[in-house]
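K.L.:
Chain residues, written in single-letter form:
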Amino acid sequence: MSESAPTNGNGNGKAKGKLAIYWAASCGGCEISILGIDTKILDVAAAFDLVMCPCIADGKVRDIEKMEDGEIDVCLFNGGIRTSEQEYMARLFRQKSKCLIAFGSCATEGCIPGLGNLHNRQSIFDNSYTSETDSTENPDNIRPQAVTEVPEGSLHLPIFYDTLKTLDQTVDVDYYLPGCPPESPRIWEAIEVLLSGNLPDKGATIGENTTVCDYCPRTRHNKKIKEFKRTWEVIPDEETCLLEQGLVCAGLATRAGCGALCPQVNSPCIGCYGPNEGVEDYGARLLSALASVIDSEDPDEIDEIIRKGIPDPIGTFYRFSLAGSLMRRGKRPAPTASSQ
Amino acid sequence: MAEKIGVYVCHCGSNIAGKVDVEDIAKWAGENLDDVAVSRDYKFMCSSLGQQMIEEDIKKEKLTRVVVGACSPHLHEKTFRRACSNAGMNPYLMDLTNIREHCSWVHKDRAQATEKARALISAAVQRVKYQEPLEPMFVDVNPATLVIGGGIAGLQAALELADAGYHVYLVERMPSIGGHMAQFDKTFPTLDCSACILTPKMSEAGQHENITLLTYAELEEVSGSVGSFKVKIRQKARCVDYDACTGCGICVEKCPRKVLDTEFEAGMGNRKAIYMPFPQAVPRVPVIDQDSCIWFERQKCRACEKLCPTDAIKFDQQDELIDIEVGNIIIATGWKPFDSKKIPQYGYGRLANVYTSMEFERLCNAAGPTNGKIVMRDGKTVPKSIAIVHCVGSRDDRHNPYCSGVCCMASLKFGHLVLEKTDAEVYSFYIDMRTNQKNYEEFYQRLLGEGMRFVRGKVSEVTDAARMPTEQGKLIVQCEDTLIGRQQRYPVDMVILMGALEPQEDARELGLKCGISCSMDGWYTERHPKLDPVATMTDGVFVAGTCQGPKDIPASVAQGAAAAARVAGMITKGRVMIEPIVATINEQACSGCKICNNMCPYNAIEFLEDPGVSRVITALCKGCGTCVAACPAGVITGAHFNNKQIFSEIEGILWDALQPADDSSPQAEPVPASAS
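So the protein sequences, as listed, match chains A and B. 1 is the number of the first residue of the first sequence in this note's numbering; add one for each residue after it. 1001 is the number of the first residue of the second sequence in this note's numbering; add one for each residue after it.
Since the hints were made in silico from the structure, they are not lab data. Among the hints, erroneous ones may be present.
[To be verified] A few chain A residues that don't get close to chain B, going by computed Cβ distances all over 10 angstroms: (1) 41; (2) 59; (3) 150; (4) 227.
[To be verified] What follows is a list of derived Cβ distance ranges for each label pair: (5) A:266 - B:1643: 30 to 36 angstroms; (6) A:32 - B:1603: 46 to 52 angstroms; (7) B:1130 - A:150: 57 to 63 angstroms; (8) B:1537 - A:278: 27 to 33 angstroms; (9) B:1241 - A:278: 57 to 63 angstroms; (10) A:278 - B:1044: 40 to 46 angstroms.
[As the list claims (entries may be wrong)] Here chain B is said to cover these stretches of chain A; the calculated rule only asks that three of the stretch's residues, wherever they fall, bring their Cβ under 8 angstroms from a Cβ of chain B: (11) 270-277; (12) 280-286.
All C-beta atoms in this analysis are idealised placements derived from N, C-alpha and C, irrespective of residue type, glycine included.
Chain A with its partners taken away, still in its complex shape:
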């Protein structure tokens, strides 16, 4: 990637930059959030030509393929990499973009699609294409195939991978913008950073270096937790820290950026903004924090507190970050023979 500013500017007589927005394994929420910057989209349009954004504007892959390497100034890439087509596009945008930004939780840490890594292609297809699920009617047990021969020739579908990878597990990434989705004001701030040319170090997450608690107006005390409760079990008090009330609020481990939206409406943070700066593994962090405040010395009681209050540990601690976590399942090859 280029060391210089990815765009030449703010319309001061210079040529406009090129912007691409792409989606892979994601829900489309990121695009909605981009449009949420409202009339500032006009400023974006003034600074950039949008060369690709399947959700919003027309654009052809072959046009991108024809571009020079590094011709696109900024690519906001959302979604994880689940299929061969997505991987192709990720590599293509890496090649054609000066600055590739992993945009949103899916691209940075895998997000909900990443929970598919608890399974593999076989079991996901079993679930989706057999009548095991009530909503599926597939008496002929038809499965998607990468290549299907028909009289007219071969039909191709992207290969569905066993494992969902994050963008940076697939290609080199310049910056990260967390959130599910990134909040519109944060998107605009990021764009301003890009336009300013005053770029952070490569690999940086464009965002805050503190956690949701910093924006949460609730009062906090030293924590001792005897019982975790699930959200449907209580109507929490609106003044005190939700965690102290036994709700697994992930705000304390989650990067600030949302303005503590969920706790402000009496709902615990679920961690969509990912880990704070410098944290290697979001789930492990949150887990060790909660483990630290369980108020019991008795192993059996602790087991019971966890069993009752946190029936789905992966869904609680790795809801957004499983694919990007240290818990990858890439099996390493057996150690080579020891050297002499």
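For chain A, the structure is supplied; the task is to place chain B on it using the hints.
P.N.:
Below, chain B without anything else, positioned relative to chain A:
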């Protein structure tokens, strides 16, 4: 700039080289690990020649990092840090990795031990690159000292320090200082009167201007660290005004409630509900036992209150928490006797004339319940024969595997006292006679001469079921005399069970409060069993006397004095170095979630209300890492143990598992791993 790392692999004679191919590892590290500029092996790295080699390499080769593969950091981390320091390198840029205890000593297979050592060296090389120079910190040593336990070891320690001019807080949980030694009649092998040699020390401690005596008090909480501990002491309610009481004893005399004294008199005598444990008690201030006092039972009586000439009785007195600050702590909490009821075949608690050794101590004691007359439970019959059973609960896998050390000599002492005071025959049933201190063997010889009878064998049973007319009304001791190889029955009048010395019930709990650990048996663990017997792994916390393991009075006194000398050394030095390995909170990034605040075992984290963030009080932090792991935001960093260092170490260990293949290789079209 790449680091220049020196790797030094120690043979430790054959300690490491016997199981680990150290030469191969040194060669391998030099050839295969990145940034390694020098790699050597040497017979004894810790020797002055070994250290010199490191120092010269640092200077000549301009090394920026040093890895030593040798023994435990407990042994030689300081040595090698000093060597680096001498050569002008920051000592915290050295990593000592343990390939002795972790490899050669625990593995049987040479190839596997070597592979593990290789992985550890690789880990250290990866880690050391990211180590940061740290500067040690110094704190002033508070010259006051806390001594926990007012037995002979604690007394000795307290007096040594107080005489040297330093203030001592002596905390004792019983109403009087003195400990077990105050209960004894005579001491072996000199047969000194125990009270005669102990009570002068007690009263000296009681009156010493440098000693604050806190009896009937217990340690509640310790925070801080070497040089500046903050200690909370719970002063239990005596129900007697300490300052107003003159110790006249009229309250004790007039108290109508008598109770069995299971503490000082070991159940052999009575005391009142308001009592001083013994006449020479220090301080001479009685306490009211609230469980037995009639006033606390049914709000009647108040005899003591009415008769006290100085109005010192205070029924409504409450426990009080006293905060003190000290620089060092000496733990001298002693031992407790084995519960002989755990061996039912010896009949204690069931057969009247089976005694514990503590009971017999009181029975012999001139100040005891019988004024020193050795009589049976009926209070008048003088026994004609006495059996002393050794190793009751000691040297017994069902109870305590260790030898209690003092029982053989105590048995000889009992034998002597019985022979002196009565015409009884005395049998000693021993497994091995252990008399290996100064003048102990001579005492044994003396008792052989005095006619004490010795039977070598472990007693299998003490019973009152007679088989022969001669056994009628007697206690029969069944034992195999292993010297003649025959089962024998010995009818006697009285049996004394020489119970084991055991750690105090709450030894572990107290140890936790002070940050020291216990052995499997429950005795406090010293820093080094031979070379550092009174220090512990926690700086500023020392142990003395039997709380560290069974020992006799001279050894307890020696340890008390030794601990005092160590403390005096710290005080004289004036300041102690604190490892700069501490946690730091990035206050800018802290959101004040308050997860860490009550987590710190050293109370080193404070919450600043104004900016709403937490802060580590560096002087109190011991660098344990609890908060680092707990911080959900990852804004607490543990110096010398940051993420980068730890992850690099793990990657180093997995050197042979890490593949050179590009991690981002696609799944569909795998790129062949590039040739290494």
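K.L.:
Enumerate the violated hints, using their earlier numbering and listing them in ascending order.
P.N.:
Result: no hint breaks.
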